[in-house]
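Q: As a plain string of letters, each chain reads:
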Amino acid sequence: MAKVIVVTSGKGGVGKTTSTAALGAALAQRGEKTVVVDFDVGLRNLDLVMGAERRVVYDLINVVQGDAKLTQALIRDKRLDTLHLLPASQTRDKDNLTAEGVEKVIDELRQSFDWIICDSPAGIERGATLAMRHADAAVVVTNPEVSSVRDSDRIIGLLDAKTKKAENGERMEKHLLLTRYDPARAERGDMLKVDDVLEILSIPLLGIIPESMDVLRASNLGAPVTINDAGCAPSLAYRDAARRLAGEQVPMTIPGERRGFINKLFGRRAA
Amino acid sequence: MSLFSFLNRRNTAPMARERLQVLLAHERAQVGHADLVGLLREEILAVIARHVQLDEDKVTVSTQRGENVSTLEVDIEIPATASVRAA
Chain A
1 MAKVIVVTSG KGGVGKTTST AALGAALAQR GEKTVVVDFD VGLRNLDLVM
51 GAERRVVYDL INVVQGDAKL TQALIRDKRL DTLHLLPASQ TRDKDNLTAE
101 GVEKVIDELR QSFDWIICDS PAGIERGATL AMRHADAAVV VTNPEVSSVR
151 DSDRIIGLLD AKTKKAENGE RMEKHLLLTR YDPARAERGD MLKVDDVLEI
201 LSIPLLGIIP ESMDVLRASN LGAPVTINDA GCAPSLAYRD AARRLAGEQV
251 PMTIPGERRG FINKLFGRRA A
Chain G
1 MSLFSFLNRR NTAPMARERL QVLLAHERAQ VGHADLVGLL REEILAVIAR
51 HVQLDEDKVT VSTQRGENVS TLEVDIEIPA TASVRAA
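Protein chains in written order, with the UniProt record's numbering: chain A, 1 to 271; chain G, 1 to 87.
Derived by calculation from the structure, the hints in this document are not laboratory data.
Be a bit skeptical, because a hint or two may be false.
Calculated Cβ distances over 10 Å to all of chain G for the following chain A residues [stated by the list, open to error]:
| # | residue |
| --- | --- |
| 1 | Asp93 |
| 2 | Arg150 |
| 3 | Glu211 |
| 4 | Asn220 |
| 5 | Cys232 |
| 6 | Ala246 |
| 7 | Thr253 |
To give an idea of the chain A side of the interface with chain G (calculated C-beta under 7 Å), a few residues [unchecked claim]:
| # | residue |
| --- | --- |
| 8 | Glu125 |
| 9 | Val146 |
| 10 | Glu187 |
| 11 | Gly189 |
| 12 | Met191 |
| 13 | Leu192 |
| 14 | Asp195 |
| 15 | Ile200 |
| 16 | Ile203 |
In this text, all values refer to a predicted model and were calculated from it rather than measured experimentally.
Note that beta-carbon positions come from the ideal geometry of N, C-alpha and C, so glycine has one too.
Can you build the whole structure from these sequences, using the hints too?
A: See the structure below:
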């Protein structure tokens, strides 16, 4: 059965697009049919991170408006047969995105994919609420930093109020993905620790992605980090997060962390 | 003072954590507060209006959040000429 995931954060620049690409590729590497959908109309970037920027012909708004069929707009990844991209429009007005139109596209995607990963724009405006509206679960991307945590708290409030699931009185499944985490700085007391962020936001932890050069390297090349270097620390962390998203029990670790701290985290129940 | 600032510089994360906890407790209460009052006002009005004719502008609903007790205040002005319907 298809599952729709929104990757959201409120604050910009925390790693929504990077995480969408990395999680999408990790799920596709499991052999599950996955599509990553860019909702950032006007400021699309998922195509660039995926390395498909020169292959975009039609986009989400073309499909919503009926100018193109869904199959015409979908771009199949050249490295992974199971991975697809539905790009956002670069030039058109974001008002062209309607709730009904988006619902139709999502319903159509549900017919042919196992995973539909929606990359939300930053902010709490219409684009962000449309991206989360039809989701079955949310991945809240947060940096261990005050403004990011505050904005994530707002987004969690919106997920519990403005989504279809919330309106139907159902519980929205939410997962915290802590990105750009630096264990050494946290240990020194210069960065919020995993437990601090978890205690403040009180949603289950999906994964901890370490701050790493490998992430920038991958986006420079136009490849999800999980494809570009499957063995690097952020890739391993994203792969574990994808497994937890799929319902597997995977012990939580911070790659590159000191052993004592790992033991402390070991056995923490994942999302 | 120099000792204090030295400690402060070494450990900024606890400050971040504390500031966030205070700020978010406040912000969550505010958001909840606004929604709750609007909802209560609407529903209380609907119930009263079933029995008494009233002027919507003459109804005020407010809540006050105290440390131990929160209060809900409903103030409804019923005009002397209002016809009271039997329940």
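Q: Does A:Asp195 meet its interface restraint, that is, does its C-beta lie within less than 7 Å of any C-beta in chain G?
A: Given a least distance of 10 Å, the restraint on A:Asp195 is violated.
Q: Regarding the assertion that A:Asn220 does not contact chain G, is the least Cβ-Cβ distance greater than 10 Å?
A: Per Cβ check, A:Asn220 is outside 10 Å of chain G; nearest 31 Å; holds.
Q: Do the numbers back the hint for A:Ile203, that is, is its least Cβ distance to chain G under 7 Å?
A: violated, 13 Å
Q: Let's test the interface hint: is any C-beta of chain G closer than 7 Å to that of A:Gly189?
A: holds, 4 Å
Q: Measuring from the C-beta of A:Val146 to each C-beta in chain G, is the shortest one below 7 Å?
A: At 5 Å from the nearest chain G Cβ, A:Val146 passes the 7 Å test, so the hint holds.
Q: Please check whether A:Leu192 passes as an interface residue: C-beta within 7 Å of a C-beta belonging to chain G.
A: holds, 5 Å
Q: Taking the shortest Cβ-to-Cβ distance between A:Asp93 and chain G, state whether it exceeds 10 Å.
A: holds, 30 Å
Q: Hold the hint about A:Met191 up to the distance rule: shortest CB distance to chain G must be less than 7 Å.
A: This hint holds: A:Met191 lies near chain G, its Cβ roughly 6 Å from the closest one there, short of 7 Å.
Q: Minimum C-beta separation from A:Glu211 to chain G exceeding 10 Å: can you confirm that?
A: holds, 15 Å
Q: Minimum Cβ separation between A:Ala246 and chain G greater than 10 Å?
A: A:Ala246 is indeed farther than 10 Å from all Cβ atoms of chain G, at 31 Å.
Q: Tell me if A:Glu125 is really an interface residue toward chain G, meaning its C-beta lies closer than 7 Å to one of theirs.
A: violated, 17 Å
Q: Checking a non-interface call: every C-beta of chain G should be farther than 10 Å from the C-beta of A:Cys232. Is that right?
A: Since the minimum Cβ distance to chain G is about 26 Å, A:Cys232 lies beyond 10 Å and the statement holds.
Comparing the model with each numbered hint stated earlier shows that hints 2, 8, 10, 14, 16 do not hold.
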